[in-house]
Amino acid sequence: MSGLLQQNRLSKEEYRKQKDLDAARKAGTAPAEVDDEGNEINPHTPQFMLKAPWYVDTGKVSLKHQRAPEKRKASKFGVEDNHWYARGQRAGPAATKYRKGACENCGAMTHKTKDCMERPRKKGAKWTGQNIQADEIIQNVELDWDEKRDRWNGYDSREHDKVIEEYEKIEEARREKKATELDKQGPTTTSEAKKIARLSDDEDDDEDKYADQADMPGQHVNTKTRTTIRNLRIREDTAKYLYNLDTESAYYDPKSRSMRENPLKDKSSDDAEFAGDNFVRYSGETPNMAKVQLFAWQASERGNEVHLQANPTQVAILHKEYESKKDKVRDNTQKNILAKYGGEEHLEAPPKELLLAQTENYVEYSRTGRVIKGQERSKARSKYEEDAAGIEAQQASEQYSRGKV
4 MSGLLQQNRL
14 SKEEYRKQKD
24 LDAARKAGTA
34 PAEVDDEGNE
44 INPHTPQFML
54 KAPWYVDTGK
64 VSLKHQRAPE
74 KRKASKFGVE
84 DNHWYARGQR
94 AGPAATKYRK
104 GACENCGAMT
114 HKTKDCMERP
124 RKKGAKWTGQ
134 NIQADEIIQN
144 VELDWDEKRD
154 RWNGYDSREH
164 DKVIEEYEKI
174 EEARREKKAT
184 ELDKQGPTTT
194 SEAKKIARLS
204 DDEDDDEDKY
214 ADQADMPGQH
224 VNTKTRTTIR
234 NLRIREDTAK
244 YLYNLDTESA
254 YYDPKSRSMR
264 ENPLKDKSSD
274 DAEFAGDNFV
284 RYSGETPNMA
294 KVQLFAWQAS
304 ERGNEVHLQA
314 NPTQVAILHK
324 EYESKKDKVR
334 DNTQKNILAK
344 YGGEEHLEAP
354 PKELLLAQTE
364 NYVEYSRTGR
374 VIKGQERSKA
384 RSKYEEDAAG
394 IEAQQASEQY
404 SRGKV
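If you're matching positions, the sequence shown starts at 4 in my numbering and goes up one per residue.
Hints are computed from structural coordinates only; laboratory data are not their basis.
Here are the computed lysine to aspartate or glutamate pairs in the EDC-like style, where the Cα-Cα straight-line distance is at most 20 Å:
| no. | residue 1 | residue 2 |
| --- | --- | --- |
| 1 | K54 | E43 |
| 2 | K74 | D147 |
| 3 | K187 | E175 |
| 4 | K268 | D280 |
| 5 | K67 | E40 |
| 6 | K338 | E348 |
| 7 | K243 | D269 |
| 8 | K15 | D25 |
| 9 | K67 | E43 |
| 10 | K20 | E36 |
The whole structure should be built from the sequences, with the hints applied where relevant.
Pasting the structure below:
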């Protein structure tokens with residue numbers, strides 16, 4: 004079977020001998036084939052398993068390509084390297100004279116002039132021989148797949164000591180502040196002094212102590228496990244199925260805990276404590292949002308690239324333009340129909356207050372005629388001047404009395 008893996012094409016005679024050898028190996032009369040490491044290969048192994056891919060094919064029979072690649076057990080860099088390569092570090096003191104083959108700008112031997120990261124000088128170190136930089140430490144960094152993508156690779160844990168030290172300084176300053184406050188208060192007992200001095204240490208304990216009492220309705224904070232346990236519903240609320248115990252009332256689904264219809268049909272939706280789950284769907288800005296979503300779906304079906312979640316601003320602007328154009332088309336259509344068939348005078352009907360001589364405005368009066376509740380109906384005014392003669396007589400009497408005085 005190894006002959007089948009060879010790149011050179013075999014002749015008929017070689018192919019027949021190879022088939023006979025494979026048959027003898029399967030029968031056990033011929034020794035098994037051996038790979039590079041000295042391991043025997045099972046003659047019953049299929050060809051598609053023996054054949055290696057082109058990018059790992061060595062031209063020899065082996066099952067090494069079927070095994071997972073061996074990973075480096077330890078880090079390539081030791082403790083003295085802080086488990087990372089010397090990035091940005093320089094080796095030893097700098098040279099005092101320019102060396103042949105060094106960088107013409109800074110004088111380092113580890114890179115050329117075009118790769119120099121120093122500021123370009125007016126006259127380089129090659130001509131001045133001054134301020135020659137030290138050579139960089141160059142290491143052959145060969146990282147595997149995991150090491151390249153390790154976000155903590157090369158992190159120095161000693162950097163976190165600075166954070167701990169900063170918090171300790173803050174805590175010490177807090178204790179000193181408490182001590183100064185204690186000195187200002189005057190002489191106190193030993194127990195009170197210890198209590199004030201340990202006040203900063205006990206703040207976290209006090210928060211845990213009163214955490215259970217500060218629970219929000221519908222949730223419970225477990226201070227031991229630091230978890231929040233949320234209940235199914237707030238216990239102060241009445242269950243949906245208890246608003247109306249009539250069996251013919253709104254259906255309650257126990258699996259989803261939903262009651263879509265209004266259980267109290269004799270009450271309006273505004274006055275009822277619970278008007279069904281569908282009441283939320285048709286209140287507030289929910290209907291407008293549903294219209295915008297429907298518009299986005301219809302527009303995408305027509306070939307427009309709009310999506311409400313991906314670009315809501317674009318959909319809102321397009322929907323606003325669509326509604327304005329729709330209103331204009333409807334007004335133009337109405338005007339054209341009235342201009343063609345007439346009947347505009349029938350659309351200008353008087354208000355219902357004049358037709359029925361009553362309104363829905365509720366007004367409650369007292370015994371003396373004062374308005375207790377509601378707004379009093381305004382008095383109807385006439386276009387004609389009222390009590391003109393009475394006003395003239397009053398003005399004449401006032402002038403007569405003034406002249407007599």
